[in-house]
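Asker: The numbering of the sequence shown is our numbering, which starts it at 737 and goes up by one.
Do not rely on the hints blindly, as some may be mistaken.
[To be verified] Calculated pairs, DSS-like style, for lysine-lysine (alpha carbon to alpha carbon, straight line, at most 27 Å):
hint, residue 1, residue 2
1, Lys936, Lys853
2, Lys1019, Lys1003
3, Lys884, Lys971
4, Lys876, Lys850
5, Lys973, Lys813
6, Lys821, Lys782
7, Lys968, Lys936
8, Lys1108, Lys1085
9, Lys1117, Lys1069
10, Lys1124, Lys1022
11, Lys1022, Lys877
12, Lys1108, Lys1081
13, Lys980, Lys962
14, Lys853, Lys837
15, Lys980, Lys1003
[What the hints assert, rightly or not] The following label-pair restraints were derived from C-beta to C-beta distances:
hint, residue 1, residue 2, range
16, Asp1096, Ser1025, 17 to 25 Å
17, Tyr970, Leu1114, 41 to 49 Å
18, Lys850, Tyr1112, 43 to 51 Å
19, Asp1096, Ser959, 34 to 42 Å
In case anyone wonders, no lab produced these hints; they're calculated from the structure.
Owing to the predicted nature of the structure, the values given are computational and were not obtained by experimental measurement.
The C-beta atom is built at its ideal place from N, Cα and C for all residues, glycine as well.
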Amino acid sequence: MKKNKIFSNRVMEDFKKESPSKINIKNNKDLNNYLNLHVNLFENLKFPTELFKNKKIIDLGCGTGEVDLVINKFGGKLECIDFQKKSIEYANFIKKKKGLKNISFKNISIEDYKVKKNFFDISISFGVINHVYDQEGLFKKLVNSTKKGGYIILGFVEDAGLIQRLLHRAIIRKLSENDEKKVYEYAKKLFSEHINRSVKFGMRTYRGIINDYLVNQAYDGLSTIKLNNWIKKYKLKYYSSLPKAELPIRIDSATKNFELKNIHLKKNIESLYRLRSIFAHSKDEKVYSHLAGIKNSNISKNIENLITEINKILQVKNNFASNKNLKKLKNLKKKLNFDISYLFKNIKKNTLNNFSNMSDEIINLLEVINDKNCSYKLIKKKIKYLFKGYNGLGTSYYILKKY
């Protein structure tokens, strides 16, 4: 309990400077954009916003409450708590300004919150679990708050996906020597691409983002492996998640349970997903763009022609395949052999090169940070592949059902 309190006090002290959850909503257009972001989020999670209508919802760690205002717009009836008085005051100000009903904001810490057992239809917590000492304790409160048949929605930063941003923090700590002015100075010099991207797509403030992951001393990623163990421990049912570690191009029957039974396969898929989370930098479509650009081949056309030719033969009454038909099939199969071989060669080359370059750079940067002669110029010189685009994996989302 004492460690928990010390941890909370550290977070509170850092968040007093600027709430990292505060969204830069200046007008109705900004609010509609923010609302649409969450419509997309919940649709992608297979959780239509209609499911919030007239539901009793608790938000543990609501911050300045913008997410709750959106869920209230979806028809939810919310109770929201946060340990930061300033954030709650701001949330209540916005509530009053917008004339909202069926939503309350209270200044209570998660540690002090007395759970209403099996009371809420939906329990949520976005971006909070990474800033609490007892992560399982928060998760347990979400579970206990939820009635049977209800849902738990958790937004969190995964520990592997956080590594690049923790490297940002390690570099800033080394260069700034705890001088807050230098924190902002070096953050702008080294990581402005990431911060500006977060401002644009997350709609948070520049200072709020810096405060969240560079100033804040308490930022601990949550492993999806640990989370999956909690799901089993508390007998919850997996509903959906984003991003999702799963087999590519699945064709199992839609009536079957998709959960992998092979433990070794499941572990390897999960760990490969976590490895990719470390080095994430671009949209999936861009990362896998080599699937669209295989030189000297047309894999899609050849596959479709093969399917068409086989079907032509099998749809004829006597299923007769002429020598001409068979020759065509053999030629198509030969072309596809080349296409598939080239494709996997390309995937292997790209994957190994990216892994080797980025992992080497992480090790080199850690060596420089440990060097007593570490300097801005030396750090800058070592950065070539990392700290671009996504800078690892951002927020992950899990929806679970309680039985």
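Asker: Hints first: check each against the structure and report whether it holds.
Answerer: Results for each hint:
A C-alpha spacing of about 39 Å is found between Lys936 and Lys853, which places the hinted pair above 27 Å, so the restraint is violated. Only pairs whose Cα atoms come within 27 Å are accepted, and Lys1019 paired with Lys1003 is accepted, the gap being roughly 24 Å. For the hint pairing Lys884 with Lys971, the CA-to-CA distance comes to about 11 Å; that is within 27 Å, so the pair holds. For the given pair, Lys876 sits about 12 Å from Lys850 by alpha-carbon distance, which is consistent with the 27 Å threshold.
Among the hinted pairs, Lys973 with Lys813 is consistent with the structure: their alpha-carbon atoms are about 24 Å apart, no more than 27 Å. For the suggested pair Lys821 and Lys782, the alpha carbons sit about 34 Å apart, so the restraint of at most 27 Å is broken. Note on Lys968 and Lys936: the hinted pairing is violated, with a Cα-Cα distance of about 37 Å set against a maximum of 27 Å. Our distance criterion of 27 Å between C-alpha atoms is broken by Lys1108 and Lys1085, whose separation comes to about 37 Å.
Between the alpha carbons of Lys1117 and Lys1069 the distance comes to roughly 49 Å, so the proposed pair goes past 27 Å and is violated. Note on Lys1124 and Lys1022: the hinted pairing holds, with a Cα-Cα distance of about 14 Å set against a maximum of 27 Å. A distance of roughly 39 Å separates the Cα atoms of Lys1022 and Lys877; the hinted pair therefore is violated under the 27 Å criterion. Under the criterion of a C-alpha separation no larger than 27 Å, the hint pairing Lys1108 with Lys1081 is inconsistent with the structure, at around 43 Å.
At roughly 15 Å between alpha-carbon atoms, Lys980 and Lys962 fall within 27 Å of each other, so this suggested pair holds. As the CA atoms of Lys853 and Lys837 are separated by approximately 24 Å, the hinted pair is consistent with the 27 Å bound. For a cut-off of 27 Å, the pair hint linking Lys980 to Lys1003 stands: about 14 Å separates their Cα positions. Asp1096 and Ser1025 have their C-beta atoms about 24 Å apart, which keeps the hinted 17 to 25 Å range intact.
As the Cβ distance of Tyr970 to Leu1114 is approximately 47 Å, the hint placing it in 41 to 49 Å holds. Lys850 and Tyr1112 have their C-beta atoms about 49 Å apart, which keeps the hinted 43 to 51 Å range intact. Restraint check, Asp1096 to Ser959: a C-beta distance of roughly 24 Å breaks the suggested window 34 to 42 Å.
Hint violations for this structure: numbers 1, 6, 7, 8, 9, 11, 12 and 19, all remaining hints satisfied.
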